[in-house]
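Under the numbering used here, the first residue of the sequence shown is numbered 1, with each subsequent residue one higher.
If you're looking for bench data, these hints aren't it; they were derived computationally from the structure.
Because the structure is a prediction, the values reported are computed rather than measured.
Just so you know, not all the hints are guaranteed correct.
To be verified - What follows is a list of derived Cβ distance ranges for each label pair:
#1 Asp75 - Val166: 17 to 23 Å
#2 Thr85 - Gly151: 44 to 50 Å
#3 Gly68 - Tyr195: 37 to 43 Å
#4 Thr79 - Phe221: 32 to 38 Å
#5 Gly151 - Pro101: 36 to 42 Å
#6 His91 - Pro163: 37 to 43 Å
#7 Arg212 - Gly148: 18 to 24 Å
#8 Ala117 - Trp218: 26 to 32 Å
#9 Gly119 - Arg211: 42 to 48 Å
#10 Val71 - Arg98: 22 to 28 Å
#11 Asp73 - Arg212: 42 to 48 Å
#12 Glu167 - Ala117: 22 to 28 Å
Ideal Cβ positions, reconstructed from N, Cα and C, are used throughout, including at glycine.
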Amino acid sequence: NGMHPTGTEGNAGVHLAGRSQHAGVTRWDRRARPRTPQPMNDSFRGPVVGWTALFLVTYVAYVPALFGGFVWDDDQYVTHNPTLTDLSGLHRIWFTPRATPQYYPLVFTTFWAERHAWGLHPVGYHLVNIGLHALNAALLWRVLRRLGVPGAWFAGALFALHPVRVESVAWITERKNVLSTLFYLAAGLTFLRLYRIGEPSVQDATLGPGRRDRCLYWTMFLLFLGALASKTVTCTCIRLRHSCRGTRTAG
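With the hints as extra help, turn the sequences into a complete structure.
Below, the structure is given as structure tokens:
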């Protein structure tokens, strides 16, 4: 008996050895198993600081525009535009293409709302243009960051401060440029989210992939329509969409 353990003792020894071996494998697996990549998600502080900084530098750079008045085509677009004075004019903006100098119904809808909000005080129109431009710079930063472009924030700041943008921001009539850019970039960012470009392929925890994709697709589609309703030249967004899709497939 001293040389041969009983059946109960032998089974207990095997059981303990198995548990020890299993524990060792488990500990080894936990050390060796690579971590699952997390979705691209900044800390709260990072985006807030980035967005705030872009808005501040944009507004500081365009302070002189706040003291500007109405110039050139602003009379046809705003000050002498009869469609901005009443509710029937809003209907004509959308359903009578020749009622406005150009058929950009979303642009003239913003002018209609501002005309009723602060009348013909140009500072309000300038504030909106500058705010849209600052938002565009921030959206460009987020798009470039998702595409993995180095120095994305600085590219957004360059876009905000570059002199070539002054005409579109400081001239009230050029609302069509800053507004269409807003919807253009928002549609592009939604497209990148739809195809998970710039993030690991992780299923959404709340919505199934089918529902998530439908929501993003229709959001992108509506944003694209908003860009077209602001300035039809944004139809080039289709080309951007196919180019990005081809790049992702090739990669």
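Sort out which numbered hints this structure fails and list those numbers smallest first. none
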